[in-house]
Structure formats: structure tokens, C-alpha cells
Amino acid sequence: MVEIIIKTDVPSEFKERFELVLANLMKSLIKELELSVAKEIASKSKFTEKDVEELSNKVKLSMNSDLLNKGLI
Amino acid sequence: MEVVLDANVLFKTLISSGEILEIIFNDKLQLLAPLKLKQEFLNNKQEILSKSKLSEEDFNLLSSLIFSKIKFIPLDKYKGSLSKAKQLLKEHTKDEDFIALCLSKEIPLWTYESGLFKTGFAISTKQLSEKLAKELS
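Order-wise, the sequence lines are chains H and L.
For the first sequence, this note's numbering gives the first residue as 1, with consecutive numbering after it.
For the second sequence, this note's numbering gives the first residue as 1001, with consecutive numbering after it.
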């Protein structure tokens, strides 16, 4: 993680309100940024429906085998 | 709203044109999944990289963004529901972790596995999307 510091001047009587609005704005901005990065990466993927089915089945069978080995099912 | 995320939904993020990612990033939704799913997903990293043709850097970033939206639950927290899940599932013997977590939290499973809809615990992407839209309105 890196820290970005933005400095600005606001009237002192608006300080608390400004901080609240800025916090909400930053939260929303970060969410939009994360989503757009995720979409951009996913759009480059060559994964197929067949791959999804094969790998999710493989993962689930391994999880099931783990439960069997632990004697939980 | 809380739902358990099935493995097939997690893998579908790798072919998502946006709909699944939009839901995953929706603030109104809390996603839960067995901790083992995260471990298994990462155990298959090389196969995912080979099939998706994504760079390792892209894969690491995408998985970390998606994982940050999921609360991973250790087996100890839901193992008490495993036997009931097994009874419910009958022939779907590979889904015990997911259904046991649903049972322990009394929440649905977001899945693409058609057979799981018979258990009464499954919710489709379309149904989930509609529920979230109603919560917003």
C-alpha cells in the first residue's frame, strides 16, 4: 500500500463536514477504481465456460476429499 | 444481504463481462465463502494462469481485489452443519462445505450449479441482481 496526501484549504467551520464528504467520496472513488481495474483484467482473460466447470469441480472434489480425510462426512 | 459464494461463481469472475463483478463489488452485499475455497483457488494458480493467459501480476491483482470483498470462514465455524448438509445434498456430494456454511448462517448460496436449486438454498445471479436492485430502490 502507498499513501497519497492531498492538501487543500477549507474554512475552519466546514472542517468536519468537509472531512465527512471527502471520506464518502474517497470510498466511492476507490470502489469504482477497484471495479474498473477488475473488469479490465477480466476482459483480457481467455478462460472459458469449460475451464470454469472443470476447475470449480476440481476444487470442490478436493474440498470434499479433505472433509472425508478428516472424517467429518 | 449475505450470501455464500460458490466455487463456480468465483471462477466465473475470470470470464465475467462485468455483471458478476458488479455484484461482487456491490456494497449492499456481504459475500461469505469457506476459507478452503481461497486456498484451493490459489493452489490452482498455475493452471488458471495457463488457461486464462493472464499475467501473474494481473492474476494477483484481480484475485486480491475479489478476495477483499469476500469474508472467508474457517471450517471450525460451520463443521457442525456438515452432516445435515450431506443429508440434504444426497447425490451432490462435493458441495458439503458450501451448504454447511449456508445452513450455519441461514443464508442462500449464489451458484450456477442447477442441481443445487432443489435444496432450496440456491440463488441465481439473476435473482440476486434483482434482490439487490430492490434494496437500492
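Honestly, I wouldn't trust all of these hints.
What the hints assert, rightly or not - In silico DSBU-like cross-links for lysine-lysine, where the CA-CA straight-line distance does not exceed 30 Å:
no., chain 1, residue 1, chain 2, residue 2
1, H, K27, L, K1038
2, H, K31, L, K1028
3, L, K1051, L, K1036
4, L, K1126, H, K15
5, L, K1053, L, K1086
6, L, K1134, H, K58
What the hints contain is simulated information worked out from the structure, not anything from laboratory work.
In this text, all values refer to a predicted model and were calculated from it rather than measured experimentally.
Here is what the structure says about each hint:
| no. | hint | result |
| --- | --- | --- |
| 1 | K27(H) x K1038(L) | holds, 25 Å |
| 2 | K31(H) x K1028(L) | holds, 13 Å |
| 3 | K1051(L) x K1036(L) | holds, 22 Å |
| 4 | K1126(L) x K15(H) | violated, 43 Å |
| 5 | K1053(L) x K1086(L) | violated, 37 Å |
| 6 | K1134(L) x K58(H) | violated, 35 Å |
The structure fails hints 4, 5, 6 (numbered hints given earlier, in ascending order).
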